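**Q** Chains as they are written, first to last, in my numbering: chain A, 1 to 262; chain B, 1 to 407.
Just to be clear, a hint being listed does not mean it is correct.
[Said to hold, decoys possible] To spell it out: a stretch of chain B is covered by chain A in this simulated footprint if at least three of its residues, at any positions, have a beta carbon under 8 Å from a beta carbon of chain A; those stretches are:
hint : segment
1    : 81-89
2    : 94-103
3    : 108-118
[Claimed, not checked] Cross-link-like lysine to aspartate or glutamate pairs, in silico, EDC-like; alpha carbons within 20 Å at most:
hint : chain 1 : residue 1 : chain 2 : residue 2
4    : B       : Lys-349   : B       : Glu-359
5    : B       : Lys-33    : B       : Asp-223
6    : B       : Lys-257   : B       : Glu-233
7    : B       : Lys-146   : B       : Glu-181
8    : B       : Lys-60    : B       : Glu-10
9    : B       : Lys-218   : B       : Asp-19
10   : A       : Lys-25    : B       : Glu-96
11   : A       : Lys-25    : B       : Asp-135
12   : A       : Lys-19    : B       : Asp-135
13   : B       : Lys-139   : A       : Asp-85
14   : B       : Lys-190   : B       : Glu-123
15   : B       : Lys-33    : B       : Asp-226
16   : B       : Lys-191   : B       : Glu-181
17   : B       : Lys-227   : B       : Asp-339
18   : B       : Lys-139   : B       : Asp-172
19   : B       : Lys-256   : B       : Asp-339
20   : A       : Lys-19    : B       : Glu-96
21   : B       : Lys-256   : B       : Glu-353
22   : B       : Lys-146   : A       : Asp-85
23   : A       : Lys-19    : B       : Glu-101
24   : B       : Lys-227   : B       : Asp-338
25   : A       : Lys-25    : B       : Glu-101
Please keep in mind that the hints were generated in silico from the structure rather than gathered at the bench. As the structure is a computational prediction, the values presented were derived from the model and not from experiment. Built from N, CA and C at the ideal position, the CB exists for glycine as well.
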Amino acid sequence: MVQPLSGQAIYVVLLRELKRYWRAKARIISSVAQSIFFLAIFGLGLGGFIGGVGKVSYLSYLAPGIIGMGLLFGSVFSGVSVIFDRQFGFMKEMLVAPVSRTSIILGKILGGAVTASIQGIILMAVAGIMGAFTPTPALIFGALAAIGVMLLITAGFVGLGVAIGSTLNDFHAFQLLTTFVIWPLFMLSGVFFPIDAVPLPLQVAMLFDPMFYGVEMLRWCLLGVGTPLLGPLGWLISLGVLAGFNALMISIGTYLFSRAQV
Amino acid sequence: MSSAKTDTIEVNGLTKVFDGRVRAVDEISFIVKGGEILGFLGPNGAGKTTTLNMLSTLLKPTSGTATVNGHDIVKEPDAVRRSIGYVFQDPTLDIELTGRENLDFHGRLYNLNRSLRKQRIEEMLEVVQLTDRADNLVKIYSGGMKRRLEIARGLLHHPEVLFLDEPTLGLDPQTRRSIWEHIQRLNQEKKITIILTTHYTEEADYLCGRILIIDFGKIVALDTPDKLKAQLEGDVVSLTFKAPETISKVRPLFEKKNWIRRIHLVSIDDNQTTASRMMNMMQGMAAGSGMMGGTSPGSTGGSKMPKHFEKMPPQGAISQNNSSNQPPGSKRLNLLVDDGGHRIPSIVKLVDEAGVALESVELHKPTLDDVFISVTGRNIRDQRGSFMEMVRRHRIMRQARGRQTHG
Numbered sequence: 001m002v003q004p005l006s007g008q009a010i011y012v013v014l015l016r017e018l019k020r021y022w023r024a025k026a027r028i029i030s031s032v033a034q035s036i037f038f039l040a041i042f043g044l045g046l047g048g049f050i051g052g053v054g055k056v057s058y059l060s061y062l063a064p065g066i067i068g069m070g071l072l073f074g075s076v077f078s079g080v081s082v083i084f085d086r087q088f089g090f091m092k093e094m095l096v097a098p099v100s101r102t103s104i105i106l107g108k109i110l111g112g113a114v115t116a117s118i119q120g121i122i123l124m125a126v127a128g129i130m131g132a133f134t135p136t137p138a139l140i141f142g143a144l145a146a147i148g149v150m151l152l153i154t155a156g157f158v159g160l161g162v163a164i165g166s167t168l169n170d171f172h173a174f175q176l177l178t179t180f181v182i183w184p185l186f187m188l189s190g191v192f193f194p195i196d197a198v199p200l201p202l203q204v205a206m207l208f209d210p211m212f213y214g215v216e217m218l219r220w221c222l223l224g225v226g227t228p229l230l231g232p233l234g235w236l237i238s239l240g241v242l243a244g245f246n247a248l249m250i251s252i253g254t255y256l257f258s259r260a261q262v
Numbered sequence: 001m002s003s004a005k006t007d008t009i010e011v012n013g014l015t016k017v018f019d020g021r022v023r024a025v026d027e028i029s030f031i032v033k034g035g036e037i038l039g040f041l042g043p044n045g046a047g048k049t050t051t052l053n054m055l056s057t058l059l060k061p062t063s064g065t066a067t068v069n070g071h072d073i074v075k076e077p078d079a080v081r082r083s084i085g086y087v088f089q090d091p092t093l094d095i096e097l098t099g100r101e102n103l104d105f106h107g108r109l110y111n112l113n114r115s116l117r118k119q120r121i122e123e124m125l126e127v128v129q130l131t132d133r134a135d136n137l138v139k140i141y142s143g144g145m146k147r148r149l150e151i152a153r154g155l156l157h158h159p160e161v162l163f164l165d166e167p168t169l170g171l172d173p174q175t176r177r178s179i180w181e182h183i184q185r186l187n188q189e190k191k192i193t194i195i196l197t198t199h200y201t202e203e204a205d206y207l208c209g210r211i212l213i214i215d216f217g218k219i220v221a222l223d224t225p226d227k228l229k230a231q232l233e234g235d236v237v238s239l240t241f242k243a244p245e246t247i248s249k250v251r252p253l254f255e256k257k258n259w260i261r262r263i264h265l266v267s268i269d270d271n272q273t274t275a276s277r278m279m280n281m282m283q284g285m286a287a288g289s290g291m292m293g294g295t296s297p298g299s300t301g302g303s304k305m306p307k308h309f310e311k312m313p314p315q316g317a318i319s320q321n322n323s324s325n326q327p328p329g330s331k332r333l334n335l336l337v338d339d340g341g342h343r344i345p346s347i348v349k350l351v352d353e354a355g356v357a358l359e360s361v362e363l364h365k366p367t368l369d370d371v372f373i374s375v376t377g378r379n380i381r382d383q384r385g386s387f388m389e390m391v392r393r394h395r396i397m398r399q400a401r402g403r404q405t406h407g
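Can you make the complete structure from the sequences, with help from the hints?
**A** Okay, here's the thing in structure tokens:
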């Protein structure tokens, strides 16, 4: 079914996500702090004993992965919040309005992508202050490119969250989601260890993790290098995979959301 | 606006079957005129909300047709949505936003431009008297304030038709009264056509020009409150006894008198919310009491009678508020008789002869509660007689709503 898009409706749902995000200060602080703990403790602790990965320090290697972690958790949870919208009734207010469901969900995806990316930008700044990135003029462009990459990564994962949230109608599924979807996506994304240093089965598993390509893209932007496994055009491959994942997840999320009933 | 049109809503054989099994709404047809307040009166699970969900395009009918403001609910859902405001039974506000932001969000969804939004928001806040609380987060609002905000929101885009689903459910008497006044004023000043659902007979009586009684998905009566009550000619004499168990001694005596047209035993269960009634029913079930058995309809009352016939001041009209002098579990016997005033001495005499002590005798004109009992055979708040059926329907309807597809 063709549903007309309404720019106004997309914008207003996006605006709501931003307002809600901004007001939940405790949530912003706790998730930023969590990432900082990871960076500081693993970066310094594990770094002191590993040294570095390739030519970069372990802290530098870790930083894009931890930014990715913030993006991943933020975006999936943002998508899954359609469950809460339904539970607390607000969904009905949106569904009875004369706007298409596609507009509503695109607003939701955009809102989730923007808020999760804000989180990523905060983490990027914190990692920069901790000395994770070499301060060169190129870093400015790298950081700008990284912001674009963040939006790309998060849009796909909000789509995944919406798809899951539209299928499950249950708060309790949350724990399962975290354990069986988000954590594996995070652990296999090459945050802590380089893909070319692990056994083949794990390598294969990592190559099936879309988040792996997200972290790769962030490393290309912020460190200027990627894994030797994908070669010098690794960034292009990663970009392609991310774009494909995005298109797929946004379509599936939109479809499942339009199908779901109040 | 719609005042020029005569029939704002036309419903023809509208039916909703959930899961191929439960006929939640069963071939209902009716017409609502422009500017009218029509009440859907019926117990929980009667099909009231399902009907509203179909009329508001949230649910697709299984069969039948309906037009709202001249637009077909299946073929022109967007035009229907633009014509209606819907105040849902469950809260649908974003409590993390302020009252004003909730209204602003709504105005944007309905494509009102900035200046129109600003003007209407101020206007509606004024109407529901929330101007000075507009910039507080909704999570600190009281229940009544939330309800008023939802009503304001439902009206922000100037709908031709307003659906109010149980607008005062769970509110205290003062708040209920103020919401009734708001609804009445909106209807009179803005000529908005309103359908409201309720299972409070006093609410239907006070607000509605016509009342549609719906039971198990079917329309069982549709008329003005006065005409509905006039169908039950005569008076209701209501008796309470010092010892409730003595009722069984006097009841057979009344049954022998042919001038007593109907006898109903009604519990006085004031102060009970739907939830606590449910709890009681559950406990009753667990205890294996025989109430689901072959007791005659209406004889295991889950409710009480309102006292007066006239449109009372709303304050006194609140069912949950006005029988506080009665111990819980009390019952009263309602007798429908002609010329009640003259019959009272004979009734008292009969009770005396049975050696039973009366607590009180009360005479009133038939109310909508009495009408409901007479057309459905059950008391409106008495769901015990059909408890299993109700639970079954509720479960299936909820599950089905969760799965149903409609884009």
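**Q** Against this structure, judge whether each hint is valid.
**A** Evaluation of the provided hints:
Coverage of the segment 81-89 of chain B by chain A holds in this model, with 5 residues showing a Cβ closer than 8 Å to a Cβ of that chain against a need of three. Here the segment 94-103 of chain B counts 5 residues with a CB under 8 Å from a CB of chain A, which clears the bar of 3, and the coverage holds. Chain A is given as covering the segment 108-118 of chain B, and this holds because 4 residues of the stretch bring a CB closer than 8 Å to a CB of that chain, at least three being needed. Taking the CA atoms of Lys-349(B) and Glu-359(B), the gap is near 14 Å; set against the 20 Å cutoff, the hint holds.
Among the hinted pairs, Lys-33(B) with Asp-223(B) is consistent with the structure: their alpha-carbon atoms are about 13 Å apart, no more than 20 Å. Simply put, Lys-257(B) and Glu-233(B) have alpha-carbon atoms about 17 Å apart, close enough for the 20 Å limit, and the pair holds. Of the supplied pair hints, the one linking Lys-146(B) and Glu-181(B) holds, its CA atoms being roughly 16 Å apart against a limit of 20 Å. For the suggested pair Lys-60(B) and Glu-10(B), the alpha carbons sit about 16 Å apart, so the restraint of at most 20 Å is met.
Among the hinted pairs, Lys-218(B) with Asp-19(B) is consistent with the structure: their alpha-carbon atoms are about 18 Å apart, no more than 20 Å. A threshold of 20 Å between alpha carbons decides the hint, and for Lys-25(A) with Glu-96(B) the separation of about 12 Å falls inside it, so the pair holds. For the suggested pair Lys-25(A) and Asp-135(B), the alpha carbons sit about 19 Å apart, so the restraint of at most 20 Å is met. A threshold of 20 Å between alpha carbons decides the hint, and for Lys-19(A) with Asp-135(B) the separation of about 14 Å falls inside it, so the pair holds.
Among the hinted pairs, Lys-139(B) with Asp-85(A) is consistent with the structure: their alpha-carbon atoms are about 15 Å apart, no more than 20 Å. Note on Lys-190(B) and Glu-123(B): the hinted pairing holds, with a Cα-Cα distance of about 13 Å set against a maximum of 20 Å. The straight-line distance between the Cα atoms of Lys-33(B) and Asp-226(B) is roughly 18 Å, inside the 20 Å bound, and the hint therefore holds. For the given pair, Lys-191(B) sits about 15 Å from Glu-181(B) by alpha-carbon distance, which is consistent with the 20 Å threshold.
Of the supplied pair hints, the one linking Lys-227(B) and Asp-339(B) holds, its CA atoms being roughly 19 Å apart against a limit of 20 Å. Restraint check for Lys-139(B) and Asp-172(B): the C-alpha separation of about 19 Å stays at or below 20 Å, so the hint holds. At most 20 Å may separate the alpha-carbon atoms for a hinted pair to count; Lys-256(B) and Asp-339(B) meet this at roughly 18 Å. This hinted pair checks out: Lys-19(A) and Glu-96(B) have alpha carbons roughly 9 Å apart, not beyond 20 Å.
The suggested pairing of Lys-256(B) with Glu-353(B) holds, with an alpha-carbon distance near 14 Å, which does not exceed 20 Å. Annotation: proposed proximity of Lys-146(B) to Asp-85(A) holds, straight-line Cα distance about 17 Å (limit 20 Å). The hinted pair formed by Lys-19(A) and Glu-101(B) meets the criterion: a straight-line CA distance of about 10 Å does not exceed 20 Å. Restraint check for Lys-227(B) and Asp-338(B): satisfied, since their Cα atoms lie roughly 17 Å apart, inside the 20 Å limit.
Straight-line distance between C-alpha atoms of Lys-25(A) and Glu-101(B) comes to about 19 Å, which keeps the hinted pair within the 20 Å bound.
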